[in-house]
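S.K.: Sequence:
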Amino acid sequence: MSCPQQQEECKEGAPEWVVTFGDMMTLLLCFFVLLLSFSTMETERFKIIAGYIREAFGVQLDRHYTEIPSGDTVVTVEFNPPSTSNTVIYEQMVDLLKSLKLEQMANAEMESDGVRLRLDGELVFKPASAVLTDQSKLFLDYVAETIIDANASARIEGHTDNSPIHSSLYPSNWELSGARASAVVRYLESRGVPGSYLEAVAFGDTRPVTENYTEEGRRKNRRVEVLIQPPT
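Numbering of the sequence shown is given in our numbering, commencing with residue 1 and proceeding in unit increments.
For the record, the hints were derived by calculation from the structure and aren't laboratory data.
Be careful, since some hints might not be right.
[To be verified] Here are the simulated DSS-like pairs of lysine-lysine, each with C-alpha atoms no more than 27 Å apart in a straight line:
id: 1; residue 1: K101; residue 2: K137
id: 2; residue 1: K220; residue 2: K101
id: 3; residue 1: K126; residue 2: K137
id: 4; residue 1: K137; residue 2: K98
id: 5; residue 1: K98; residue 2: K126
id: 6; residue 1: K126; residue 2: K220
Note that the coordinates shown come from a computational prediction; the quantities given were computed from them, not determined experimentally.
Modelling step: build the complete structure from the supplied sequences, incorporating the hints.
M.R.: Now the structure itself:
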C-alpha cells in the first residue's frame with residue numbers, strides 16, 4: 001500500500017520570481033525612456049523625463065513640470081526683399097530706356113541696395129573724352145528727376161577698357177574714368193540733385209564686365225554705372 005503524497009505548502013504572497021521580473025521590466029522601461037530622450041537631444045525634455053523616473057523610485061522633487069518651458073533665446077532670420085522704392089525706380093528706368101529706345105546701349109538692374117544703371121560709354125561721352133553727348137543729357141534729365149522724387153542718393157562709377165591712353169588731359173585710364181564720373185555728377189547736380197547726395201568713383205580698367213580681347217568686349221567695358229540708392 002503506497003504512502004499518500006504530501007501536498008507542497010504554498011507560501012503566502014507573490015512568488016519570488018515576480019520581484020526579479022518587476023525589476024527587469026522597470027530597468028527596461030528606464031532604458032527605453034532614456035533612449036527616447038537622448039534621441040531628441042532636448043535638454044529640457046530630458047530633465048522632465050528624468051524627474052519622473054526619480055519620482056518613480058521614491059525621490060521627490062521640489063517642483064513639477066507641467067509643460068516644456070519655452071526658450072529664452074529668440075532666433076531671427078533676416079530677409080531683405082527689394083524695397084518698394086527700388087521696385088518703383090527699376091520699373092521707371094526700364095520704361096524710360098524703352099521710350100528712348102536705348103535698350104541696346106543701356107540697361108537697369110535691381111540690386112539689394114538700389115537700382116544700377118549701366119550705360120555704354122558711346123551713349124554718354126564722345127570718344128576718348130569726358131564731354132557728355134546730347135543724348136546722354138536727355139537721359140540724365142530723367143534720372144535726376146527720379147533721384148529727386150525718391151530722395152535718393154547716387155553713386156556714379158566711371159569704367160574704361162584696358163587700352164592705354166596718353167594725353168595731356170588724361171595720362172591714364174584712371175584720369176579718364178574719374179573725369180567721366182565727375183562729369184555725370186556735375187550734370188546731375190546742375191539739374192537739381194543735391195551735391196551731398198552724389199558720389200563719383202573711378203575704377204579705370206579694373207572692373208571689366210567682359211573680356212578686352214575683342215572690340216565688342218572693349219566697347220562694353222567702356223561704360224558709366226549709376227547706382228541709385230533710396231533712403232533706407
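S.K.: All the hints need checking, so say for each whether the structure fits it.
M.R.: A quick look at each hint next to the structure:
no. : hint         : verdict
1   : K101 to K137 : 15 Å, holds
2   : K220 to K101 : 18 Å, holds
3   : K126 to K137 : 12 Å, holds
4   : K137 to K98  : 16 Å, holds
5   : K98 to K126  : 23 Å, holds
6   : K126 to K220 : 15 Å, holds
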